[in-house]
Every structure is written in C-alpha cells, then in structure tokens.
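Residue strings, one per chain:
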Amino acid sequence: MNKKIVTIALGAALGLTASAAYADTLDDVQEKGYIQCGVSPSTPGFASPDENNNWSGIDVDYCRAMAAAIFDDPEAVRFTPLTSKERFTALSSGEIDVLSRTTTWTMSRDTNLGISFAGVMFYDGQGFMVPKDLGVNSATELSGAAVCIEAGTTTELNAADYFATKGMDYNPVVFEDQDEVVKAYDDGRCDVFTTDSSALAAERFSLADPDSHKILPEIISKEPLGPSVRQGDDEWFNIARWVYFSLLEAEEYGVTQANVDEMLGSENPSVRRLLGVEGEFGSYIGLSNDWAYNIIKHVGNYGEIYERNVTPIGIAREGSLNAHWTQGGIQYSPPIR
Amino acid sequence: MAKSQEQLQQRRSLSSLIYDPQFRSYAFQILLLVVLVGFGWWIVQNTIANLQAQNKTTGFDFLDSTAGFDIGFSLIPYSRASTYLDVFYVGILNTLLVAITGIVLATMLGFVIGIARLSSNWIIARLATIYIEVIRNLPLLLQLFFWYFAVLKSMPSVRDSLEIIGGSVYLNNRGLYLPDPNPNDAFMWVQIAVVLVLIGGFFLQRWSIRRVEETGQRFPYIPVFIGLLIVVPTLTWFVTGAALDVNYPELNRFNFQGGIQLPPEFVALLFGLVIYTAAFIAEIVRAGIVSVSSGQTEAAQSLGLKDRDRLNLVVIPQAMRVIVPPLTSQYLNLTKNSSLAVAIGYPDIVNVFMGTALNQSGKAVEVIFMTMAVYLTFSLLTSIIMNWYNARIALTER
Numbered sequence: 000m001n002k003k004i005v006t007i008a009l010g011a012a013l014g015l016t017a018s019a020a021y022a023d024t025l026d027d028v029q030e031k032g033y034i035q036c037g038v039s040p041s042t043p044g045f046a047s048p049d050e051n052n053n054w055s056g057i058d059v060d061y062c063r064a065m066a067a068a069i070f071d072d073p074e075a076v077r078f079t080p081l082t083s084k085e086r087f088t089a090l091s092s093g094e095i096d097v098l099s100r101t102t103t104w105t106m107s108r109d110t111n112l113g114i115s116f117a118g119v120m121f122y123d124g125q126g127f128m129v130p131k132d133l134g135v136n137s138a139t140e141l142s143g144a145a146v147c148i149e150a151g152t153t154t155e156l157n158a159a160d161y162f163a164t165k166g167m168d169y170n171p172v173v174f175e176d177q178d179e180v181v182k183a184y185d186d187g188r189c190d191v192f193t194t195d196s197s198a199l200a201a202e203r204f205s206l207a208d209p210d211s212h213k214i215l216p217e218i219i220s221k222e223p224l225g226p227s228v229r230q231g232d233d234e235w236f237n238i239a240r241w242v243y244f245s246l247l248e249a250e251e252y253g254v255t256q257a258n259v260d261e262m263l264g265s266e267n268p269s270v271r272r273l274l275g276v277e278g279e280f281g282s283y284i285g286l287s288n289d290w291a292y293n294i295i296k297h298v299g300n301y302g303e304i305y306e307r308n309v310t311p312i313g314i315a316r317e318g319s320l321n322a323h324w325t326q327g328g329i330q331y332s333p334p335i336r
Numbered sequence: 000m001a002k003s004q005e006q007l008q009q010r011r012s013l014s015s016l017i018y019d020p021q022f023r024s025y026a027f028q029i030l031l032l033v034v035l036v037g038f039g040w041w042i043v044q045n046t047i048a049n050l051q052a053q054n055k056t057t058g059f060d061f062l063d064s065t066a067g068f069d070i071g072f073s074l075i076p077y078s079r080a081s082t083y084l085d086v087f088y089v090g091i092l093n094t095l096l097v098a099i100t101g102i103v104l105a106t107m108l109g110f111v112i113g114i115a116r117l118s119s120n121w122i123i124a125r126l127a128t129i130y131i132e133v134i135r136n137l138p139l140l141l142q143l144f145f146w147y148f149a150v151l152k153s154m155p156s157v158r159d160s161l162e163i164i165g166g167s168v169y170l171n172n173r174g175l176y177l178p179d180p181n182p183n184d185a186f187m188w189v190q191i192a193v194v195l196v197l198i199g200g201f202f203l204q205r206w207s208i209r210r211v212e213e214t215g216q217r218f219p220y221i222p223v224f225i226g227l228l229i230v231v232p233t234l235t236w237f238v239t240g241a242a243l244d245v246n247y248p249e250l251n252r253f254n255f256q257g258g259i260q261l262p263p264e265f266v267a268l269l270f271g272l273v274i275y276t277a278a279f280i281a282e283i284v285r286a287g288i289v290s291v292s293s294g295q296t297e298a299a300q301s302l303g304l305k306d307r308d309r310l311n312l313v314v315i316p317q318a319m320r321v322i323v324p325p326l327t328s329q330y331l332n333l334t335k336n337s338s339l340a341v342a343i344g345y346p347d348i349v350n351v352f353m354g355t356a357l358n359q360s361g362k363a364v365e366v367i368f369m370t371m372a373v374y375l376t377f378s379l380l381t382s383i384i385m386n387w388y389n390a391r392i393a394l395t396e397r
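Heads up: the protein sequence lines correspond to chains A and B, in order.
Going by numbering that gives the first Met the number 0, 314 is the number at position 315 of the first sequence; the sequence numbering is gapless.
Going by numbering that gives the first Met the number 0, 332 is the number at position 333 of the second sequence; the sequence numbering is gapless.
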C-alpha cells in the first residue's frame, strides 16, 4: 500500500518536468471559452461594477473587444479586480490572461517585469487634489504636507521624485487599495491626494463634499495607461496589440457600432481590409477574418468607447492627447494592410 | 542439485530482506527523501524556467539599487535615494517596534484582565468576562479597521488639535505628538547611574532572598530599590550638570513639526494587537491560576504564610508553569498578526518590502523568501527565549 503511493508520487514528480505553464495563451483561452481579465476594483470611467456586477469602463471595454475578436461574444470575459500591488504577480503567474488596469507603461515594467504593453488606451498624467480651505493654489506650496498615495504605483515614485527635485518635505501615507486612499483623504488623514488626474476627477465625486476639494493645475508626470500581456507569447501579444489598433482604425474610417453592417459593402479598401472583406488579416493573428467586424459590432470603435465611459466622468476628449490623430491628438494606429 | 539449493537460499534471503522491518523502514525513508528532494528540485527548476521565459532576471543584486519611493514612518534615516536593502531594514525595525511594544503591553493588560476575571468583586469579574468574550470572538482585521477608521474619524483636525499637558503633547487625526528630549553629553552619566542602580538592585534582591532563607529576617527590598532608583540618578543629574534640551512640536502650515510623531496607523495597530492578544493572555492566566489546586492554598494558609507570600511563593510559581508555554504562542501570534498592518497603511515589513518594494522591483520570489526568513527568525528567537525561561521556572524534580 505504502509502496504504491510512493511509486505513484515518484512517477508524478518525474513526469512533471520543468515546463512553462502558459506557452500558448490563445489555445488555453479558446479551450476554457473565456478571457480572464485583470481590472481595477473600482475606478469610475475605467473599470467599476454596478449593483448587478455588470462591469463598465474603458479598460473593461478593451477586454470585451478582445473577447469579441476571439469568440464573437463580448461577454466571454471574466473580470478579476486587482489592487495595484497584486496586478503584475497575477499576470506573471497566469491567473489572468490580460491586464487592463490603468497601468502606466514604463521601461522597467515593459522589460524587467516580464510583461509587454500592447498600446495606450488613455494618455494620463499625475495631479494633486487638496481641500479648498487649505488655501493652496499650486503644488509648489505643498512642502510639509501629508500625502495619500496608493501602494505599488508609479504615482508613489513620481511623488518621491517631484518632492525631492523641488526640495520639499512631505509625509507619504500609503494604502494598498485606492478606496482606502480616498477614504483616508476624506477623513482628513492627509492634506493631499495624488494619483492620475483622470482618477482624481472620477474619485472627486465619491467624496463626501466634492465641491470643497479642488485639483491643482500641475501635472507632474507622463502616465500612458494601457493593457499588457506576459512576455514570451508573441501570438497573444499580437492579438492584444491589434485589437487596440483596430479600435482606432475603425474610428479613423468612420466605422461605428451602428453602421458596421453597412460598411461591409464599402468601396474603401482600408475599410474592406479592416472588416475582413478583403485579405486574410485575421489568420495573421490566429483568428477568423471577421475579428475586427465582431469588435466594432459588439463594442464599438475607440471614440464610442471613450464617449460611453470617460466623457461621463467629466474628462473632455477634444483638445487632449487622447483625441484621434486626425483631430490633433496622438491616438494613432499603423495601417492594417 | 546443489546449485538449485543455492538459488533457493538466495531467493529466500532476498524475500526475507523485503519482510525485514528494519530494512523496510530504511528503504521507505530513503525513498521519501528522494521524492522530497526531487520535488524541491523540480519546483526550483520550474520557477527558474518560467522566470526566464518571461525575460525576468533573478538574484539579490536589486537590493543595492535605488528604491525611489518614500516611507512615512522610519526609525532610521531613509529617503527616496536609499536602496531596497534600506527598505528591508526600515520594514524589519517597524515590525519589531510594534511587536515588542505590543508584547509588553499585551502581557500587562492580559495579566490584569485575567486576574480581574477571578476577582470576588462581581462587577469587575463580569466586565472582564465581557471584554474577553467580545474581543476574542471578533476578527482581528475588523478590530484594526475599527481602531483606525472609527477612532481616526473622531479625532480633531490639525487646526483643532487636542492640547494635553500645557502645549507639549498634541493629539489630532495625524497622530500623537510628543516632545523630543535632546540630552546633552553629561546626560550620559545619568544613564550610567540608572544602569548601575539596576545592576545593584539585582544583587540586592538575591542578597535579601538569601537573608530571608538563612535568618528569616525580611529586608524591605522594593522600597529601598525604588528609593535608590530615584535618588542616585537625581544626584548625578545635579552633580554632573546634565540637561535635557526638549524639542516641542510646533504647528506650521499643514501640521506639527519637531518632537516625536507617532502616526495614527501605529497607534491603531498597537491598540488592535494589544487589546486582541490581551484577551487570549487573560484566559491563559486564568487557566494557570485555576490549575493550582486549592489544596496548595490551604496548605500555605495552615503553614501560616501571609497572603502576599502565599501568592508569590506558592500560587504564582506553580501557575507560571502552566501559563508560559501557551503564552509563547500568543507572542508568536502577535508578531505574525502585526503583518495585518498592511490593511491600515502602517509601514511594516509586509507593507513596504513585500508590498511596494516587490511591486517596484518585480523580484517576487526573492522578496517573499526574505520576508519569510524574517518572520521565521523572529518566531524562532521568541521561542528560544521563552523555552529558556520555561526551563528555568519548570518544576525541579529531584
């Protein structure tokens, strides 16, 4: 009896030779029938669940677009809410297939952390919020302030850089969870709340008295926020990247959720290639030829996603970096051809 | 014929080897060892292979690179230019600070509550019972949130700070502000005097015990010791001209500057840990005292021992033997529970090192390994000290 168990255990141990757990993400995803997508627990405009646990936000819609491209079903995605501290470990360990969680694209993350960024869904920058009655008008007056920050973010590093270069003291109060940061700031634990300015705008409405707080004019960093995947799986990376580009291509040629069926009959070769009427672009990324058609049909183009999620939290697209390149912004995609 | 007999004998010795209990026990142990080593080897290989597949570097070199973030509360000088190794030290010291303070306070509170529960005063005994039953049966994390958010909310803001002891101590929702004593050089002599009195007190106690044992005459040890502890350092103070240059907290634009600042995260964590662990220690103390049979007390009474001697010489020494082993595990629990600091933002080792440093450096395996090694070391050290103490007070069998 004993011997049998030992033999089985030994056999199992030898059978499990060193093997990478996630060689082919697309195969794994198709086999299980859905994408596991890591998102913010609650950042209005980017990812937040309603009372029925229906997720919405620009980061959420990106994952839905991937699901539409692979399964022709925007609901074939499951969301894992992650704190900023947990997110990279969750991606590396294979717990999630794609990380779409207001994550800043930096060199160290793109290289040393073993992940690859597919694109920039939102160009952001770090700002500061203070209570109006402090009488502060500029970030340069913040010397000696207590600053509420979320742990494990570029925000934490930028704040350290900013205060050091300005020769100012500050007292960082660091929490693991964005909700706790907001709560502590609202309770008066800190004088200042700092994070990406889009999140500041969104979180301001969750404070007890939004009108008694203001966002300072200084933007102290570049925060290109985008989805990322594990390094070392080029096929999956290509899908992640071209799903993002297809959203911009569709906007450029005026393909929307409403007119996508009409557009199938378009004479414009760029539209025909995008929607899979011409060429075999789907097969280049291991998907069916109507992959981009499915994305636009189910989720819409970049402009529609922005309009639906980010405009309601009060961040105008016009004149910002996030405008389409044809409108003076820097949201630009290489051509599909 | 002879050959086949030899074969038979060989087979018999082989089968008898299989049925030999000693051989079997060795064989299975060796087999188990091989399986365990193989399993460990496979885990290490698999980890390295997976990290390499993701282009991640491994090793402890990252400890020398700049951390780049700030820490709100540190016992040693720390800035954004410090290294990850400094973050590690800051985390260890912050954990030790809350663990050691917590153990001392929880022991004191626990003994008081435990004895109170046995009190003949009905109200005191009931209050102690309610305290123990309520605190023991609520999750610690919940209690920490209570102390942090509920208590923080009720604190005044910086401008309306509570002023305690005439402008030297302030309390507000940013923490507790105490004056910081800056001793001059001559103050060293006062410290030396205190140490000398403490050492002297130790020998005085031994001498007084021996005197009681030999002659039966009592020496008023405690009053004499306290008297010496006050008189000798005070005399030294005046003779050497020692002085404390006290640095008081002062309000500036955002907050108080100067003085000693205890952040509310520390205070809330300490409160939560002490109050929670004290409830368990109280039960241990009660169990220890109850375990001393009433026959012992009665025997001491019939020998004519005074109340205090009966407690000090008969009941407590016997109760301690029951108290110390479970007390050790409460100390270990308190130290390990201090890692819940991460929930309320106190920069302990889990928060700053396993949290932020791991995230910014991406060295998950190395960082978690180091953090586990720290807790293991703390726990084993606590166990060693408590086992040594336990052996000292154990029943000496003759």
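Just so you know, these hints were derived from the structure itself, not from any lab.
Be careful, since some hints might not be right.
[Stated by the list, open to error] What the simulated footprint calls covered on chain A by chain B, stretch by stretch (three residues with Cβ under 8 Å from a Cβ of chain B suffice, anywhere in the stretch; the number is not a length):
hint	stretch
1	48-61
2	78-89
3	173-185
4	219-229
[Said to hold, decoys possible] Not the full set, but computed from the structure, chain B residues with beta-carbon under 8 Å of chain A:
hint	residue
5	Ile70
6	Ser73
7	Arg125
8	Thr128
For each residue, glycine too, the CB sits at the ideal point set by N, CA and C.
These are the hints, each one checked on the structure:
| no. | hint | in the structure |
| --- | --- | --- |
| 1 | 48-61 | violated (count 0) |
| 2 | 78-89 | holds (count 4) |
| 3 | 173-185 | holds (count 6) |
| 4 | 219-229 | violated (count 1) |
| 5 | Ile70 | holds (7 Å) |
| 6 | Ser73 | violated (11 Å) |
| 7 | Arg125 | violated (35 Å) |
| 8 | Thr128 | violated (34 Å) |
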